[in-house]
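Model the full assembly from the supplied sequences, consistent with the hints where possible.
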Amino acid sequence: MNILESWLRSMADPALDTDALAHVLTMAGLEVESCLPVAPPFTDVVVGRVVKVDRHPDADRLSVCAVDAGGTQATVVCGAPNVRAGLCVPFARVGAKLPGLEIRAATVRGVESQGMLCSAKELGLSEDHAGLLELDASAAPGANVREVLALDDHLFDIKLTPNRADCLSVLGIAREVAALTGAPLVAPTIQPVKPQNDALLAVEVRAPDLCGRFSWRVIRGVNARARTPEWMKTRLSRSGQRPISALVDISNYVLLELGRPTHIFDLDKVRGALVVRWGEKGEKVELLNGQTVEVDSSVGVIADAAGVEALAGVMGGEATSVTDDTRNIYIEAAFWWPQAIAGRARRFNFSTDASHRFERGVDFASTVEHLEHITRLVLEICGGEPGPVDDTVKALPERKPVRMRVARAQRVIGVAVPADEMADIFRRLALPCAVDGDTFVVTPPPYRFDLEIEEDLIEEVARVYGFERIPVEAPQTRARMHARPEARRSLHAVRDALAAREFFEMINFSFVEPQWEADFAGIDAPIRLLNPIASQLSVMRTTLIGSLVANVRTNHARKVPRIRVFELGRVFLRAPAHPDGPLEVAGVRQPVRVAAAAFGHADEDQWGTPARPVDFFDLKADLEALYAPTRVRFEAAVHPALHPGRSARVLLEGVVVGWIGELHPRWQQKYELSQPVIVFEVDAHSLERTPLPRPSAPSKFPHVIRDIAVIVAEATPALTMVDAVEAEKPDIVTQVRVFDLYHGKSLPAGQKSIAFRVVMQHTERTLTDAEADGARDAITALLGRKFSATLRS
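Going by my numbering, the sequence shown opens with residue 32, and the numbers climb by one from there.
Bear in mind the hints are in silico, worked out from the structure with no lab data behind them.
Just so you know, these numbers come straight off a predicted model, no measurement behind them.
Heads up, some of the hints might be wrong.
What the hints assert, rightly or not - Computed cross-link-like contacts, DSS-like style, restricted to lysine-lysine with a CA-CA straight-line distance of at most 30 Å:
| hint | residue 1 | residue 2 |
| --- | --- | --- |
| 1 | 651 | 731 |
| 2 | 312 | 425 |
| 3 | 312 | 300 |
| 4 | 128 | 83 |
| 5 | 225 | 264 |
| 6 | 300 | 264 |
Here you go:
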């Protein structure tokens, strides 16, 4: 929002310089991003009156001018097409310094030139260099041009938060300045205009949910070719509005001055009565910007008998726009409901000053008052005969009182602001309030749509009281020591453990492509999003595998040779939630999972070891280390995402907590991966449980090792055999593990050889060979009894 300082000070002029005023506004929440002069610095440029103009003797396009610079007369060679006798223009004397230029005496085609007559571009005021900058004829020759044109004025670029629609005008900022500094507020004086005829145009408001109030009047016999006053053009152009024509400029001026968007129709182009309604599918309108748009039932319109003439609260139509030939006009000022305007302009890929204000909320109580103001400006500049004001009120916002407790405000602000000062702040802000015990009851004015709850009033008190008066204090709380449960570890510890094993953490979206769910979870109907941020990311994930495969694929496409990634995040399941289970919202379970994927080389490249691809057992070792010291079991099973013969369920204390395996070859080919991806996905809460350590004294006696190789049926799981031995092993056996597996022609069909290493040790003495052999034989007999195992010769 660009605010001209002189315009602002015409309504509220505190005893502060420019920088101090900018600081006050910024500290009150109206951030002044920049404060720049309206013109760049230049010196020794005065008003010059052209006394005489003669043709240059040696150049057809040059003129030799005699210029009165206030008591002195100078000869200047000029090539501007609009130079003429009696014209007042900026005159840069010899020695003047302009933006990027210093004026020196020069001889032009044999004629000495003692200065330069300036265009707007040469003074840095605009890009217009078609001719000299013409000044008012009453300007005194020799007067400083900076003073004549008020070029020492400043422009505030104020960054407003979306809730402060009341400050989208000079009057709105002036209210703030008056409240913050105590300077008197001098709002524009608005007097009703007496009707001179009874001209009316019928208007019907059919959509009260679109338009709450519609005010209008007819003015006949205007002169649309009238010149916009220089003071108005100056204020408009310096505020960022390009002057166009008198009627358009007046409408834009009231927009900037009062924050009131209005629209002026050419009355003679309106066919029949006007109707304010929602659009109908298929209707089109050509707008003032030359764009033709098609509306529907969600877009408000102003229509006549021929069709749509304007987009309500957004932009007028070309068919009824005013031109230099316009004689009779129709002016409307309305209150459009913010929710009925929000987003409509952006739907058509543009934005307007009117929609920017209406979608945030515009004063609904002053439509008639502002209509009178614009009428008076039209009459003063363009003439005409006004008709009576017509005003239709359908439905206006209810301004419910907002209560603010004094104690609550003091606690939130952190300073014991006295109640009397709070009352004074509300008075300065022109917020009507009553006192109910230790509570203020404030009724928001019609231009303050941002005051709805107690915290809004607390914010008003804090910013007017002064943020710089609030001491900076670090938040304090009582430190309490909590015992850390030894049998539970945090998910951060799980992250650290995976990072220590060379995995990189990924953070992916919780919404994924529907095809991922079908491929990696076997789910055809996942939970769909009503408003996805991208068309392909339209469902909530039930597994983390798809996201990790996408991460692997992206890095593989960029020639990364070794990829190890993991993610810790929620998945979203339709199954009913357990009372003690993870978070449930709207019947959807959201358990936390931990998943990892490995691809490429098993180890970093090195000279001493040949490279090999990562396999199932590499990731199995990582998962076992993650659960350590708890032992997990792996049971062969089929999963939609995994290779049928290279996948397993992960079991903890007999409960399935996840899956591990090699990506199915079908998905490996579909997702363009040159080698298998090994993945696991487990329940995060199963990793949080960890057993308490059990201290034991190490034995000082040597251990004894015996190896046992047995032949069993191919289908017999090795883990089942180990579990059986662990359950019934002799006391001196400390460890039993598989160290070899053999399939070969030397074995009977359907048989395999498994070799176990048995480690034995006693805590009080050295074992004898007889004791070790006895324990070995006991284990061999156990395997033979339970699994029909025979010793391999």
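Each hint, compared with the structure:
| no. | hint | in the structure |
| --- | --- | --- |
| 1 | 651 with 731 | 33 Å, violated |
| 2 | 312 with 425 | 25 Å, holds |
| 3 | 312 with 300 | 24 Å, holds |
| 4 | 128 with 83 | 25 Å, holds |
| 5 | 225 with 264 | 27 Å, holds |
| 6 | 300 with 264 | 27 Å, holds |
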